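**Student:** Please model the entire structure based on the sequences and the hints provided.
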Amino acid sequence: MEPTMQNEEIIRKINQLLIEEIEIDEKQITPLADLKKDLGIDSLDFVDLFVIIENNFGFKMKAEDMAEVKTLHDFYNYIGKRINTPQS
Amino acid sequence: MRVVITGMGIYSVIGKNLDEVKNSLYQGKSGIIFDPVRKAMGFRSALTGMVDRPHLKGVLDRRMRVGLPVQGEYAYIATLEALKTALLDQHYLDRHEVGILYGNDSSAVPVVESVDILREKKDTMMIGSGYIFQSMNSTVSMNLSVIFKLKGVNFTISGACASGSHAIGIGYLMIKQGLQHMIICGGAQEINPESTASFDALNAFSIRESEPTRASRPFDRDRDGLVPSGGAATVILESYESALKRGATIFGEVIGYGFSSNGEHISMPNVDGPVRAMQLALKDAAISSSDVDYINAHATSTPAGDSNEAKSIETVFGNSKPLVSSTKSMTGHEMWMGGASEVIYSSLMMNNSFVAPNINLDHPDEITSILNIATQTTPAEIRTFLSNSFGFGGTNSSLIIRKLNR
Numbered sequence: 001m002e003p004t005m006q007n008e009e010i011i012r013k014i015n016q017l018l019i020e021e022i023e024i025d026e027k028q029i030t031p032l033a034d035l036k037k038d039l040g041i042d043s044l045d046f047v048d049l050f051v052i053i054e055n056n057f058g059f060k061m062k063a064e065d066m067a068e069v070k071t072l073h074d075f076y077n078y079i080g081k082r083i084n085t086p087q088s
Numbered sequence: 001m002r003v004v005i006t007g008m009g010i011y012s013v014i015g016k017n018l019d020e021v022k023n024s025l026y027q028g029k030s031g032i033i034f035d036p037v038r039k040a041m042g043f044r045s046a047l048t049g050m051v052d053r054p055h056l057k058g059v060l061d062r063r064m065r066v067g068l069p070v071q072g073e074y075a076y077i078a079t080l081e082a083l084k085t086a087l088l089d090q091h092y093l094d095r096h097e098v099g100i101l102y103g104n105d106s107s108a109v110p111v112v113e114s115v116d117i118l119r120e121k122k123d124t125m126m127i128g129s130g131y132i133f134q135s136m137n138s139t140v141s142m143n144l145s146v147i148f149k150l151k152g153v154n155f156t157i158s159g160a161c162a163s164g165s166h167a168i169g170i171g172y173l174m175i176k177q178g179l180q181h182m183i184i185c186g187g188a189q190e191i192n193p194e195s196t197a198s199f200d201a202l203n204a205f206s207i208r209e210s211e212p213t214r215a216s217r218p219f220d221r222d223r224d225g226l227v228p229s230g231g232a233a234t235v236i237l238e239s240y241e242s243a244l245k246r247g248a249t250i251f252g253e254v255i256g257y258g259f260s261s262n263g264e265h266i267s268m269p270n271v272d273g274p275v276r277a278m279q280l281a282l283k284d285a286a287i288s289s290s291d292v293d294y295i296n297a298h299a300t301s302t303p304a305g306d307s308n309e310a311k312s313i314e315t316v317f318g319n320s321k322p323l324v325s326s327t328k329s330m331t332g333h334e335m336w337m338g339g340a341s342e343v344i345y346s347s348l349m350m351n352n353s354f355v356a357p358n359i360n361l362d363h364p365d366e367i368t369s370i371l372n373i374a375t376q377t378t379p380a381e382i383r384t385f386l387s388n389s390f391g392f393g394g395t396n397s398s399l400i401i402r403k404l405n406r
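Protein chains in written order, with the working numbering: chain B, 1 to 88; chain H, 1 to 406.
Hints listed in this document are in silico derivations from the structure and should not be mistaken for laboratory results.
Worth double-checking, as some hints may not be accurate.
Stated by the list, open to error - Once the Cα atoms are required to be at most 27 angstroms apart in a straight line, the calculated BS3-like pairs of lysine-lysine come out as:
| # | chain 1 | residue 1 | chain 2 | residue 2 |
| --- | --- | --- | --- | --- |
| 1 | B | Lys62 | B | Lys13 |
| 2 | B | Lys37 | B | Lys13 |
| 3 | B | Lys81 | H | Lys121 |
| 4 | B | Lys37 | H | Lys149 |
| 5 | H | Lys121 | B | Lys13 |
Unchecked claim - Chain H is nowhere near these chain B residues, computed Cβ spacing over 12 angstroms in every case:
| # | residue |
| --- | --- |
| 6 | Glu26 |
| 7 | Lys62 |
| 8 | Asn77 |
If you're wondering where the values come from, they're calculated on a predicted model, not measured in any experiment.
All C-beta atoms in this analysis are idealised placements derived from N, C-alpha and C, irrespective of residue type, glycine included.
**Tutor:** What follows is the structure, given as structure tokens:
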């Protein structure tokens, strides 16, 4: 994802939500962190993450989309693409 | 196999731990308040027991908290204290099979909240991961067994207002039969308008709203109904052999469990059912009625219930007239928690040589005056007590606990 002002804002917001809502340790937040193996986000946490993303970014996440999302960097890209795509 | 109590923990409207509760019992302190929220919602009676919500962020991680309803938080705090008094740590729980049998019979708020989200968003994907675990009756045993990584028997006992008592009774039977050496027993009760609204609909609650602390008046001539309450209480049962080996403190020995069903009305108690439960408990304990020094009555401050229990106690204990009191005069009706908490209240009295007063007993009526009720804090050497719990559907439970005979 291009490091534009808007994209930096999205990254900042995602990190804030992971830290405050999913209670991920701030020290673990690096772009290459694997969501499951490094951040410990399990299947139940993903259920909550979908709710948090929809409440904060206004679009519905789909479980199928998560197949290609492994790292935090993948997740930032996914959210950025969904925000910038019309009919999110 | 002998069964003893080696741990106790409590989160009650009269105290957040054993020490606070012991002092409240001794002082005859009430935990009942008037809740303006209920009045605004349309309750006939806004009286309730009340506790502060525990702060568990930073104590339990998010995954442990998300599926835990508020009454599970109470049960967690109570169980922490029970484990501490039992000299048990996580290392012990990891290396031994310890079971959990907890009393609970509702979890209303999570059901209401999750369905409200569904109705508003028209999308179940907005409900989140926690509500299903919070909503089930077995939520407390389910969550505590995960939090404490327990490996033994694991289920919830639902028997209305006798749930907590039956949980201890079944735990006692399992250990007595050698099926488990240690079981975390207890009872938990949510405190909120959602779970009590349909109970208020029965006109069963006291409406003495001008004097909340005087409203729960078991056995009194002017009693006009029960006051709902809640919290959680944990009692750790263990085989005597295991307790000795560990050097654990023994708070008492469970020597009898009696149970019965009334086979009559769903909400109106009778005399025969409780009589049979108490007699069965005495038979199980192999003692006579004159051996019981104190009875912690179920008595909830209802006109019919208290009278019928008085008659049943008189039928079984009329020759010896042991001291009787209902701690519900101070705590209100703790419902699914009650049987377990009242074993703790009675154990505190037994181990501190006093009987707590049945407060608000200004005048017994014709029927209740047959009992030997402690109206003041009474110094007493209790060697053996009996605790009654009766519930909707006519379910009855009587437990007999005695100071340890080595």
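**Student:** Confirm or reject each hint.
**Tutor:** A quick look at each hint next to the structure:
no.: 1; hint: B:Lys62 / B:Lys13; verdict: 20 angstroms, holds
no.: 2; hint: B:Lys37 / B:Lys13; verdict: 22 angstroms, holds
no.: 3; hint: B:Lys81 / H:Lys121; verdict: 24 angstroms, holds
no.: 4; hint: B:Lys37 / H:Lys149; verdict: 22 angstroms, holds
no.: 5; hint: H:Lys121 / B:Lys13; verdict: 23 angstroms, holds
no.: 6; hint: Glu26; verdict: 14 angstroms, holds
no.: 7; hint: Lys62; verdict: 9 angstroms, violated
no.: 8; hint: Asn77; verdict: 22 angstroms, holds
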